[in-house]
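Residue 13 in my numbering sits at position 13 of the sequence shown; the count goes up by one each step and never skips.
The hints are simulated quantities; they were obtained by calculation from the structure and are not laboratory data. Every value quoted in this text rests on a predicted model; they were computed, and no experiment measured them. Positions of the beta carbon are idealized from the N, C-alpha and C atoms, including for glycine. Check before you lean on any hint, since a few could be wrong.
Unchecked claim - Okay, derived cross-link-like pairs now, EDC-like style, lysine to aspartate or glutamate, Cα gap no bigger than 16 angstroms in a straight line:
(1) K79 <-> D180
(2) K127 <-> D97
(3) K79 <-> D179
(4) K7 <-> D52
(5) K79 <-> E182
(6) K190 <-> D88
(7) K161 <-> E61
(8) K161 <-> D74
(9) K161 <-> D97
(10) K161 <-> D62
(11) K161 <-> E54
(12) K192 <-> D107
(13) K127 <-> D156
(14) K79 <-> E187
(15) K190 <-> D97
(16) K192 <-> E54
(17) K79 <-> E136
Unchecked claim - Listed next, with one range per pair, are the computed distances between beta-carbon atoms:
(18) M26 <-> T195: 22 to 30 angstroms
(19) D52 <-> S186: 40 to 48 angstroms
(20) F45 <-> T157: 32 to 40 angstroms
(21) A29 <-> K7: 24 to 32 angstroms
(22) P131 <-> P53: 23 to 31 angstroms
(23) I14 <-> H105: 26 to 34 angstroms
(24) I22 <-> R51: 21 to 29 angstroms
(25) R28 <-> K190: 45 to 53 angstroms
(26) M202 <-> G41: 47 to 55 angstroms
(27) G41 <-> T176: 12 to 20 angstroms
(28) R28 <-> E136: 52 to 60 angstroms
(29) R51 <-> D156: 35 to 43 angstroms
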Amino acid sequence: MLAKGCKKWLSTTILSTVFFFILYFMTRAYIILGVAVVFLGLSVFFTIFFRDPERHGVISEDHMLSPADGRIIDIRNRKLCIFMNLSDVHVNRAPMDGRVLSVTHYDGGYMPAFNKDAATNERSVMKMETPYGIVEITQIAGAWVRRIHSYVRPGDTISQKQRFGVILFGSRVDITIPDDFELCVSENDKVKAGTTVIARRMRPEKN
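Please put together the full structure from these sequences, using the hints given.
Right under this line is the structure:
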């Protein structure tokens, strides 16, 4: 399955591949063959990069799931930062049930997504209301091909593990953790969207 909003990238490279291979067989020009091979390679790359596999697992209101595939690069002030490299799935999923309050897009700089200063890059900030408070999820674009596609709008009800957007190429996702949740992950941990538990609701202590 391909990520929603990304099919035009793959269709463009596939059509270009077919066109240049046909042109090569007509002309036998090796430079055209080289161009065809480049587009073939891009088609394979986009097929892998834009994959959107199903994620199966237990859904629990007491657990907060990772919104993104990748590696945790920073944890501070109850905010967790996840860096997605080119080999990760770039479709993002809701960490818990809630209602979308706002989706705000900001233009920004060109810092590499793994840089902590990338928080000023082009980004989309989604605020969602949950039973445990407001959760803010920031999708941050990388230094090149800066595209963020949001699948939700303010007022939408969103379910845990539901896809809410995709970021193209190197990118990052920041998420805030509600106060009554305790972290279950540490810096440098690998996480998977809709699968890895990043925080767990704390139970009141019994007297």
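Now for the hints, and whether the structure bears them out:
1. K79 <-> D180: holds, 14 angstroms
2. K127 <-> D97: Holds, at about 12 angstroms.
3. K79 <-> D179: holds, 11 angstroms
4. K7 <-> D52: holds, 12 angstroms
5. K79 <-> E182: With Cα atoms ~12 angstroms apart, K79 and E182 stay inside 16 angstroms; holds.
6. K190 <-> D88: Holds - the C-alpha atoms of D88 and K190 are around 11 angstroms apart, at most 16 angstroms.
7. K161 <-> E61: Measuring from Cα to Cα gives roughly 11 angstroms; hence the hint holds.
8. K161 <-> D74: Not OK: K161 and D74 at ~22 angstroms, beyond 16 angstroms, violated.
9. K161 <-> D97: Distance ~8 angstroms between K161 and D97 Cα, so the pair holds.
10. K161 <-> D62: holds, 14 angstroms
11. K161 <-> E54: Holds, at roughly 10 angstroms.
12. K192 <-> D107: violated, 27 angstroms
13. K127 <-> D156: The given pair, whose Cα atoms are some 11 angstroms apart, holds under the 16 angstroms limit.
14. K79 <-> E187: Roughly 12 angstroms separates the two Cα atoms, so the pair holds.
15. K190 <-> D97: With a Cα-Cα distance of about 23 angstroms, the restraint between K190 and D97 is violated, given a limit of 16 angstroms.
16. K192 <-> E54: holds, 12 angstroms
17. K79 <-> E136: Distance of about 9 angstroms is within 16 angstroms: holds.
18. M26 <-> T195: 22 to 30 angstroms: violated, 49 angstroms
19. D52 <-> S186: 40 to 48 angstroms: violated, 28 angstroms
20. F45 <-> T157: 32 to 40 angstroms: Holds: the Cβ-Cβ distance is about 35 angstroms, inside 32 to 40 angstroms.
21. A29 <-> K7: 24 to 32 angstroms: With a Cβ separation near 30 angstroms, A29 and K7 satisfy 24 to 32 angstroms, so the hint holds.
22. P131 <-> P53: 23 to 31 angstroms: holds, 28 angstroms
23. I14 <-> H105: 26 to 34 angstroms: holds, 29 angstroms
24. I22 <-> R51: 21 to 29 angstroms: Holds, at about 28 angstroms.
25. R28 <-> K190: 45 to 53 angstroms: Hint holds: Cβ distance 48 angstroms, inside 45 to 53 angstroms.
26. M202 <-> G41: 47 to 55 angstroms: Given range 47 to 55 angstroms: holds, Cβ gap about 49 angstroms.
27. G41 <-> T176: 12 to 20 angstroms: Hint violated: Cβ distance 39 angstroms, outside 12 to 20 angstroms.
28. R28 <-> E136: 52 to 60 angstroms: Holds, at about 58 angstroms.
29. R51 <-> D156: 35 to 43 angstroms: Violated: the Cβ-Cβ distance is about 24 angstroms, outside 35 to 43 angstroms.
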